[in-house]
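Here is how the chains run, residue by residue.
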Amino acid sequence: MSEVTGTPRCAAANRYVTTALDEPPDLRGPDVTSAFAELFDAHARQLRGYLAGRVGESAADDLVAETFLVALKRRHSYDPGLAPVKGWLYGIATNLVREHVRRETRGRRAALRVVGRPEPEPDHGHLVASRVDAQRQAAVLARALADLRDEDRDALLLTSWAGLTPAEVAAALGENDSTVRSRLHRVRAKLQALLTEETHDA
Amino acid sequence: MRELDDALDQLHREARTSDASLDAVRARVLAAATAETAPPKRSRRWYAPVAVAAAAALVAGVLAVDNRSQEQRIAAPDATSATSAPEVELLSAPEYLNLAADAITATDQPLAPGQYRYIATHQWNSVGMVFATPADQPDAPASGYTWLRESRHEKWIPHDTNLEWMERRTPLEGLEWLGGSMPRSEAAEPEVTDVDTGERRGACGDFFPNSLPKKVCGDPSDWDNPEFYAALPRDPQAIVRYLRDATSHRGSAPTTAFHWGAEVLRTGLMPADLRAQWYRALALLDGVTAFEQGVNLDGRSGVAIGIDGPHQRRELIIDPATGDFIGERTTAGAQPHDPWVAPGTVTGFSSITTRVVDGIGLTG
Numbered sequence: 001m002s003e004v005t006g007t008p009r010c011a012a013a014n015r016y017v018t019t020a021l022d023e024p025p026d027l028r029g030p031d032v033t034s035a036f037a038e039l040f041d042a043h044a045r046q047l048r049g050y051l052a053g054r055v056g057e058s059a060a061d062d063l064v065a066e067t068f069l070v071a072l073k074r075r076h077s078y079d080p081g082l083a084p085v086k087g088w089l090y091g092i093a094t095n096l097v098r099e100h101v102r103r104e105t106r107g108r109r110a111a112l113r114v115v116g117r118p119e120p121e122p123d124h125g126h127l128v129a130s131r132v133d134a135q136r137q138a139a140v141l142a143r144a145l146a147d148l149r150d151e152d153r154d155a156l157l158l159t160s161w162a163g164l165t166p167a168e169v170a171a172a173l174g175e176n177d178s179t180v181r182s183r184l185h186r187v188r189a190k191l192q193a194l195l196t197e198e199t200h201d202a
Numbered sequence: 001m002r003e004l005d006d007a008l009d010q011l012h013r014e015a016r017t018s019d020a021s022l023d024a025v026r027a028r029v030l031a032a033a034t035a036e037t038a039p040p041k042r043s044r045r046w047y048a049p050v051a052v053a054a055a056a057a058l059v060a061g062v063l064a065v066d067n068r069s070q071e072q073r074i075a076a077p078d079a080t081s082a083t084s085a086p087e088v089e090l091l092s093a094p095e096y097l098n099l100a101a102d103a104i105t106a107t108d109q110p111l112a113p114g115q116y117r118y119i120a121t122h123q124w125n126s127v128g129m130v131f132a133t134p135a136d137q138p139d140a141p142a143s144g145y146t147w148l149r150e151s152r153h154e155k156w157i158p159h160d161t162n163l164e165w166m167e168r169r170t171p172l173e174g175l176e177w178l179g180g181s182m183p184r185s186e187a188a189e190p191e192v193t194d195v196d197t198g199e200r201r202g203a204c205g206d207f208f209p210n211s212l213p214k215k216v217c218g219d220p221s222d223w224d225n226p227e228f229y230a231a232l233p234r235d236p237q238a239i240v241r242y243l244r245d246a247t248s249h250r251g252s253a254p255t256t257a258f259h260w261g262a263e264v265l266r267t268g269l270m271p272a273d274l275r276a277q278w279y280r281a282l283a284l285l286d287g288v289t290a291f292e293q294g295v296n297l298d299g300r301s302g303v304a305i306g307i308d309g310p311h312q313r314r315e316l317i318i319d320p321a322t323g324d325f326i327g328e329r330t331t332a333g334a335q336p337h338d339p340w341v342a343p344g345t346v347t348g349f350s351s352i353t354t355r356v357v358d359g360i361g362l363t364g
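In order, the protein sequence lines correspond to chains A and B.
Here the first sequence is numbered in the UniProt record's numbering, starting from 1 and rising by one per residue.
Here the second sequence is numbered in the UniProt record's numbering, starting from 1 and rising by one per residue.
What the hints contain is simulated information worked out from the structure, not anything from laboratory work.
Accuracy of the hints is not assured; some may be wrong.
Computed from the model, here is a short list of chain B residues facing chain A with C-beta under 10 Å [stated by the list, open to error]: (1) ASP6; (2) HIS12; (3) ARG184; (4) VAL195; (5) ASP308; (6) ALA332; (7) PRO336.
Pulled a few chain B residues facing chain A out of the computed Cβ check, cut under 10 Å [claimed, not checked]: (8) LEU30; (9) ASP108; (10) PRO339.
Idealized CB from N, CA, C, for every residue including glycine.
Input sequences plus hints: build the corresponding full structure.
Next up, the structure:
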């Protein structure tokens with residue numbers, strides 16, 4: 001199987017990366033291993049970036065593996081006509097994130113874990129002003145993300161961290177395009193307002 | 001929004017951009033992929049891996065009743081294959097249904113006086129809550145949650161249906177979380193209500209004598225009655241017409257007609273001669289597909305045949321070698337009815353067993 005070896009390295013996790021493959025591998029075809037090697041090499045790096053942001057680096061590798069194992073199990077029911085493979089894959093991953101978080105801890109503590117704990121209060125004595133602002137902003141954002149509803153957080157981070165288009169997010173979450181677009185609009189406006197407020201307060 | 005994008009870009013950036021090796025993860029995934037036997041696709045048919053002797057017996061049974069293009073039906077076991085599993089072709093849905101229909105040669109065992117037809121349904125059903133959308137926010141996303149809950153229903157039907165029947169409903173322990181707009185910890189677990197439990201008796205299967213409309217002995221429109229099955233047509237085309245008429249209030253789409261057909265089978269009361277024709281009728285519906293082989297319900301294995309709809313896929317599980325109706329299954333489609341349920345999630349299934357027993361309350 002392996003003309004394809006190793007994992008391509010790319011500085012993924014940039015918010016504007018879109019890697020929707022024109023010709024996704026035939027997941028229902030005879031050569032399962034090659035198809036999944038291709039799928040893995042096309043998406044694993046970026047997927048890991050997304051998952052590391054959501055559940056931390058230590059759990060990310062397991063969830064990457066789980067995502068592909070679930071995809072393997074469900075490959076016969078995957079219909080390329082209904083959803084681009086990327087949306088399908090991130091839909092699986094996002095469900096696993098939700099399960100993971102709920103398994104790990106419960107309720108509100110879990111929600112905080114989703115985006116990491118709030119940063120500690122910055123030590124003004126040792127940091128330049130811009131760094132302080134950035135840290136405070138990160139803490140505000142992390143807290144705000146934790147307070148979002150699952151579907152809002154998923155839509156936002158799938159576009160921002162995973163670089164999915166709203167249509168791919170819709171496919172991933174099993175919703176329609178316009179719902180996702182209006183949700184994104186609402187969530188982004190809300191978070192932007194929070195950050196602006198924070199900057200002015202500071 | 002630049003500020004928000006920048007802040008998101010910076011948040012956990014180190015973790016997100018780490019180039020830690022993924023080789024071990026890749027190896028794990030590809031090992032699992034290699035362990036799956038490849039199903040080469042031939043026109044609209046699939047080959048599915050089946051490694052158990054029972055499957056070989058099943059194929060033999062299939063071949064015994066249908067020898068057409070035998071070489072197309074069975075692929076030679078690949079001696080060099082790593083798993084050395086013989087590959088058995090997954091036929092088209094109409095082929096399976098017709099084979100299953102052909103295989104029903106036995107008539108139902110008649111009941112002697114004092115004997116009962118015992119029907120046991122072991123099922124997992126979706127139960128949950130959908131909250132109303134606030135009147136001032138009609139566009140708010142739906143909220144609620146869904147569980148999958150296990151139960152057993154048993155029924156004893158006497159030789160003379162005018163005599164006393166019995167049914168027993170038993171809630172079982174199984175409970176799975178299918179999703180919700182809130183965390184599992186915040187969703188109420190489903191309650192066991194009066195009608196979920198208990199043993200009831202009644203002539204003609206009238207277990208709830210106060211319910212309306214009143215149950216009438218011998219009512220030919222009542223699925224509990226042998227008269228209902230006796231009155232149905234036996235010609236597959238006529239059965240299709242019946243399924244369309246019966247679902248005309250819901251548009252008669254093939255998915256709806258198939259669902260109706262599955263629900264009638266689920267009663268476990270359909271006589272063998274009608275069941276064979278019923279399968280042939282379902283094979284005539286547009287979009288009927290064989291989705292999976294080797295689906296195991298309570299230790300019995302069969303082929304899943306069904307129709308995909310946008311919201312759900314409805315499947316019957318039948319044994320094409322014997323024509324047995326093993327059970328049925330419902331899976332969430334691309335746009336599940338409950339938006340928090342992931343597409344592809346099994347949202348319900350049941351296995352149905354019927355046998356003749358010598359007394360009310362006996363199970364074997």
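Comparing the hints with the structure gives:
Checking ASP6 of chain B against chain A by beta carbon gives a least distance of about 9 Å; that is within 10 Å, so the hint holds. With a cut of 10 Å, the hint placing HIS12 of chain B at the interface with chain A holds, because the nearest CB-to-CB distance is about 4 Å. Checking ARG184 of chain B against chain A: minimum C-beta separation of about 6 Å stays under 10 Å; hint holds. Interface hint at VAL195 of chain B: violated, since its Cβ lies 31 Å from the closest Cβ of chain A, which is beyond the 10 Å cut-off.
The criterion of a C-beta within 10 Å of any C-beta in chain A is met by ASP308 of chain B, whose closest approach is roughly 8 Å, and the hint holds. Proximity of ALA332 of chain B to chain A holds as hinted, the smallest CB-CB distance being about 8 Å (cut-off 10 Å). Hint on PRO336 of chain B holds. Least Cβ distance to chain A is approximately 6 Å, under the 10 Å limit. The criterion of a C-beta within 10 Å of any C-beta in chain A is met by LEU30 of chain B, whose closest approach is roughly 6 Å, and the hint holds.
Hint status for ASP108 of chain B relative to chain A: violated, with the closest Cβ pair at about 35 Å, above 10 Å. Proximity of PRO339 of chain B to chain A holds as hinted, the smallest CB-CB distance being about 6 Å (cut-off 10 Å).
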